[in-house]
Amino acid sequence: MRTRQMRHVCVLLPNKQHLDCSVRMRARGQEVMNAVLRLLDVSDLQMFGLALLRDNEYLFLDLEQKLSKYFAKIWNRESLKVPFILFLRVKFFLESGLLIFSSKVRQLYYWELRQKVLHSHSCDQEALFFQLAASALQAEVGDLEPEEGIEKEGGEEKQERMQYFLTEDYFPPWLINQRGRSFLLQHSPVLHGALRGVPRSRAILQFLKEASGLQDGPLTFYRMKQGKKELRSSILLGVALTGVHIYQEVEGKQCALFVFTWSDIDRFTFQGSRFEITAVGSLGLSQLVYYTHSAFHSKHILRHLSDSHHFYISTKDAASYIQQLEDMQTCQLHKEAYICDITCLRQRLRCHNITASVSDCSDMEETDTAWIKDEAEDEDQSPSSVEEPEEVFVDDPAEVSWLAELLHGVSVGGPLEFPSSSWAAVTMEMKQVLCRRAGEGVSVD
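Quick note: the sequence shown uses the UniProt record's numbering, first residue 1, plus one each step.
In short, the hints are calculated from the structure, not lab data.
Warning: the hint list may mix true and false statements.
As the list claims (entries may be wrong) - Once the Cα atoms are required to be at most 20 Å apart in a straight line, the calculated SDA-like pairs of lysine to any residue come out as:
(1) K116 x H304
(2) K225 x V198
(3) K91 x Q125
(4) K104 x R89
(5) K69 x K104
(6) K228 x T261
(7) K104 x E57
(8) K299 x L288
(9) K253 x G238
(10) K116 x E31
(11) K225 x P173
(12) K299 x I265
(13) K225 x Q206
(14) K91 x K228
(15) K316 x K225
(16) K91 x G142
Source: prediction; values computed, not measured.
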């Protein structure tokens with residue numbers, strides 16, 4: 001008798017695997033989500049939601065509602081041989097994969113974005129698709145051996161067309177048709193080979209960062225009609241992290257109509273299948289009216305929009321700090337890290353508990369900018385008697401271990417990404433600049 005009170009649910013994951021679980025007949029969506037967390041052995045899936053497929057469209061469940069509401073009368077049937085199907089999908093997209101601390105969750109997030117890239121219609125971002133393919137190949141295949149791509153015949157270097165991947169797995173159909181498989185197979189290995197030595201985990205982070213710049217990549221689309229009596233849904237409403245994008249399909253191509261940030265929007269409203277978007281008065285736009293498949297669709301789209309706005313508000317500070325960390329690393333790679341104020345940033349991160357897992361949180365005092373002690377020299381003073389100027393840089397190598405660990409999981413006890421030789425190069429570069437300016441009579445203050 002107890003078996004009849006249970007229902008079998010199959011949850012399809014972004015990586016094309018699935019999880020099976022059993023829940024009570026009176027179960028709510030949260031019970032399935034808890035089962036997914038347990039089966040995946042993760043503590044949080046904050047940016048994911050459970051969705052069902054309705055009218056060829058994914059709608060996110062309200063986890064507080066009973067599952068019987070979504071599966072109607074079939075849920076109450078006693079003899080069922082097939083499980084109920086739900087999908088674990090990304091509900092909130094992020095600007096940086098560093099905000100996802102679990103490697104398992106990051107993998108799931110990665111695989112959904114991989115599919116998004118394959119369905120993208122951003123035709124004016126062709127170069128980005130090659131970068132994305134290279135990052136994905138490095139993440140999934142690993143290092144490309146040099147001899148696999150190049151052969152020498154008769155003293156001439158010949159590039160072979162690589163056959164170690166299928167173009168359909170890494171490029172959208174329109175790009176394959178436009179460039180041809182041979183072109184993609186010839187040029188993709190060059191970019192893949194350039195990433196040789198990049199760990200797979202970092203290649204995934206690079207892919208996520210690049211994919212966030214795709215115009216129609218990190219979006220959840222909902223189809224709508226311009227008129228109530230229209231047969232075809234030509235309007236695509238895309239829910240993004242920062243707002244709403246609206247496209248219209250014209251002759252098979254997606255044309256951008258509007259891009260609204262959350263601050264551009266005054267309100268969303270719906271009545272039945274009628275869905276209204278009201279922009280703030282300063283934009284001078286009339287009210288936009290579209291039509292969804294049903295009131296059920298309208299209600300769940302509105303909930304997704306509201307949840308996305310709240311998620312954006314709650315994570316924007318953390319995202320801003322992560323962006324500063326990434327910018328700081330870029331500065332270091334360009335040998336400009338001596339002008340960064342790590343003390344201020346570290347204090348701000350500590351206030352928001354972002355550096356809670358970083359072991360190197362010393363209270364060592366650091367100056368705001370690098371300073372160089374310059375002494376006047378006599379023209380007839382011998383070179384041997386001239387003292388070397390003393391340099392104190394804000395970002396001494398011993399002080400960036402906390403950043404390396406936070407960004408890429410480098411142990412603070414292990415080797416740093418930026419050896420002392422690079423800091424010596426910075427010192428020499430600064431000396432040359434100062435000498436050149438002194439020779440030109442330019443003040444160094």
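Comparing the hints with the structure gives:
no. : hint        : in the structure
1   : K116 x H304 : 18 Å, holds
2   : K225 x V198 : 46 Å, violated
3   : K91 x Q125  : 24 Å, violated
4   : K104 x R89  : 14 Å, holds
5   : K69 x K104  : 31 Å, violated
6   : K228 x T261 : 27 Å, violated
7   : K104 x E57  : 26 Å, violated
8   : K299 x L288 : 17 Å, holds
9   : K253 x G238 : 15 Å, holds
10  : K116 x E31  : 28 Å, violated
11  : K225 x P173 : 26 Å, violated
12  : K299 x I265 : 18 Å, holds
13  : K225 x Q206 : 37 Å, violated
14  : K91 x K228  : 28 Å, violated
15  : K316 x K225 : 32 Å, violated
16  : K91 x G142  : 29 Å, violated
In summary, the structure is inconsistent with hints 2, 3, 5, 6, 7, 10, 11, 13, 14, 15, 16 from the numbered list given earlier, while agreeing with the others.
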